[in-house]
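Trainee: If you're matching them up, the sequences are chains A and B in order.
Quick note, in our numbering, the first sequence goes up one by one and the last residue is 458.
Quick note, in our numbering, the second sequence goes up one by one and the last residue is 1458.
Keep in mind that the hints were calculated from the coordinates and are not lab data.
Where is the CB? At the ideal position from N, CA and C, for every residue including glycine.
Careful: at least some of the hints might be erroneous.
Said to hold, decoys possible - From chain A, some residues computed to sit far from chain B (all C-beta separations above 12 angstroms):
1. I30
2. K32
3. P88
4. D206
5. V352
6. G432
7. T453
Claimed, not checked - DSS-like cross-link-like pairs, simulated, lysine-lysine; straight-line CA separation at most 25 angstroms:
8. B:K1359 - A:K55
9. A:K363 - B:K1055
10. A:K359 - B:K1055
11. B:K1363 - A:K274
12. A:K114 - A:K126
13. A:K310 - B:K1274
14. A:K281 - B:K1359
15. A:K274 - B:K1055
16. B:K1274 - A:K359
17. B:K1288 - A:K363
18. B:K1036 - A:K55
19. A:K288 - B:K1363
20. A:K274 - B:K1310
21. A:K32 - A:K55
What the hints assert, rightly or not - Non-contacting residues of chain B with respect to chain A, defined by C-beta distances greater than 12 angstroms in every case (computed):
22. K1032
23. N1155
24. D1210
25. G1243
26. G1301
27. Y1393
Protein chains: 2
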Amino acid sequence: MIRKEMFQHEISVLRDTFRRLIRRHAKTNITKLIGKTHPADMAILFRFFTDVEQKTLFNIIMDLEYVADFLTELDEPIILNLMGDEPPQVIAKLFQRLSSNDQAGILAMLPKEKTQSVLDLLNAEKQEEVEEIMSYPDDSAGSIMTTDVFTLHQNTLAHEAIKELQKQEKSEMVFYLYVTNDDERLTGVISLRDLVTTPPETSLVDIMTDNVVSVRPETDQEEAAKIVARYNFLAVPVVGVDGFMLGIVTVDDVVDVIREEATEDFLQMAGAGKDREILLKSSWENAKSRLPWLFASWVGGVLAAFIIGKYEHMLETSVALAAFIPVIIGMGGNIGTQSSTIVVRGIATGRVGEGEELKLIFKEIQVGLILGILYGVLLGCFTFIPLVETTPYLGLIVGLSICSSMLIASCMGTVVPLVLRKINVDPAIATGPFVTTSIDILGVTLYFLIASTITQTL
Amino acid sequence: MIRKEMFQHEISVLRDTFRRLIRRHAKTNITKLIGKTHPADMAILFRFFTDVEQKTLFNIIMDLEYVADFLTELDEPIILNLMGDEPPQVIAKLFQRLSSNDQAGILAMLPKEKTQSVLDLLNAEKQEEVEEIMSYPDDSAGSIMTTDVFTLHQNTLAHEAIKELQKQEKSEMVFYLYVTNDDERLTGVISLRDLVTTPPETSLVDIMTDNVVSVRPETDQEEAAKIVARYNFLAVPVVGVDGFMLGIVTVDDVVDVIREEATEDFLQMAGAGKDREILLKSSWENAKSRLPWLFASWVGGVLAAFIIGKYEHMLETSVALAAFIPVIIGMGGNIGTQSSTIVVRGIATGRVGEGEELKLIFKEIQVGLILGILYGVLLGCFTFIPLVETTPYLGLIVGLSICSSMLIASCMGTVVPLVLRKINVDPAIATGPFVTTSIDILGVTLYFLIASTITQTL
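Extracted from the complex, chain A is given alone in its bound form (with noise of 0.2 angstroms):
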């Protein structure tokens, strides 16, 4: 908790630091302080600046060694924000700095005519590489992969693999060896501890694990980032259908994606796009993507007028009826959206498997029945206090109404995800709009059936 409010207080002093001394134009000293910032934070100070200062930082950090880590950080709009004015020989020098990987991911962000005059003015083989990682799809595990890997030969000795490593440049990434045979085809993967802690003279396939888990370029990366979740790796290696080996896909790349992914859950099932940077949208974009799950409300709305509407004598001998609407509609749609989050959940963390959705529509209408029995005996009670104008039975046409819409409401709420999941469309998508509309509906319409049914019969 400490930690946290520390934290907090150092973006704010950062930033006003920041803002000083660019109105001041001093160069020197803001060169001097983007130095002692961390990139990942630099990055993080980005959010907070407007588009103007965002530009004058990143004049100068264009020009420091820094830059491709404070680039991998930075969120996609204020990425396309800095590259979207630039002139194509400006960002084919910054590109210098950086990996074919960081360059491709720029590149799919910005304006096609604009990517395609960036590749022209990069050498072939560069240019190559780019559109090779360009051309897997997007979320795939290809697309997050890192293209530069260490691999040896089966043959090689611990020894001279040590050596071999020694002259590689770029370390963060280095975790684990990875070993091929003489195809180049994938055959074992070795720790760095594995390697140090082995008599010199041992070949590497005498040491190597040789049942390695991979993906394919085209896994969603979602599913790449549970394998490496689910075995505790730091890196799974990205294997064709050939059997090379194309990259690895890195635990820190792998702790983004799950932050991603439950982000879009999220917003998905609050109907709010799957744009995971929405803060970052104007008033205009962020409402256009908030728009359709609204119109599916609506038109749940407008049905239930019309539902209403048909059930017009009804509401002229009892007004009454009238004020019980709002908390029929709420009590479903709240024990609606409770069963449908925890199976969407659920599925997200591989908590539901196949063969077990009987068992759990089972569970959630027992649940449904608890609560729904519970509060359809308290509402009940509860209108025989007269407060408002009551009908005679009254109570026991809302007490029902509650029990049964909440009953509805929580078995709707976990068939319809278990359902989409069935068909292949993705659970958070569709189950906000399409669970809490049909309950409106549903709950209105059984409120008046019941009303009509009780006051005929009774």
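With chain A fixed as given, assemble chain B onto it according to the hints.
Mentor: Coordinates of chain B only, in the frame set by chain A:
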């Protein structure tokens, strides 16, 4: 996508195979199959076994080296189920295969008396270690740290360090070499790779990074996770007030923390408690943790009923007013949920900085206005299609109400989580119930206020 299907399929096949073998009491084959199944996969499989199947399998696993890796991956309720009935002697025997951390983790789940009887069976040194770990608060860095760490004095030479490293038994967790001074206080850190690539006669003090980012044992695990994620660390050291290193929090635990905290936020925002194992609980316990929010929503509904009751005379003159109650509440509730989800997730991922609150609120007001006017006009026009018997000004009333309730809802959805953060309450806990219930009440009140004002003045 293909990979995902395969994995779900693998799980089902393995589960069925284990079941068949258990039915046949084929212990030898079961032991073989367990040996071939990764402990992490085994832990996932356990979610789908019955209590009896779990016990049968665990009796075999308990005697394998494997058991430590298996238990660290297993869900809490299952551990509790497996350990609950075992006598302290059996648990103490099992503990010989576990690290102090794992021991502390399991003891924390057991009832107090049982914990004490198991502790009494451990040797004095181990007992002290376990009790120290158990003394750290829940969900703190101290409670998840690994205490088996490898430190060396700063004057050690590189080749001596490598030799020391080779003597270490626990290999998986060695990513960094931590360096201490004469007082045994942490002074620096060296990556394994830097150690390997350094001339053998170099002192550690000359190659170590001396600006070590560390956390306190009482730091929230979420904060520790954020630090590891932000700086792409493989581990962060946990250091006490006195400067002594107590342990490390490793990236594989961080991955779990990030996922678990996201799950907790999901559940809390849906008012379904914060127990991420809710799917493994009984229907009663499940209902119990979902009851409080439903009660808040029930109170909100009752208040709404009161308010509508107060305007009974209006409904008597124009029953059609009742038909639009669901859409007014629904649109407000949905836009409010969108706003609060965006802000809560923004706070969790550090995208909402301090001092940015007013800007954010202003932006959400803009979004609320854009969408409110759009849907207000849309619904206002709709009421002119005479499908329900209308008052002359119904379109105006409904349109204005939708617009203002959406504006207020988006505003509340933004302000409430920001205020909760300010007063140090987890925004995820209270946002869901508080926002939706208030919006229900406010929406209904506004609707009838607008209706009565318009019918009286026009």
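Trainee: Taking the numbered hints from earlier one at a time, note which ones the structure violates and give those numbers from smallest to largest.
Mentor: Violated: hints 5, 6, 13, 15, 18, 20 and 26.
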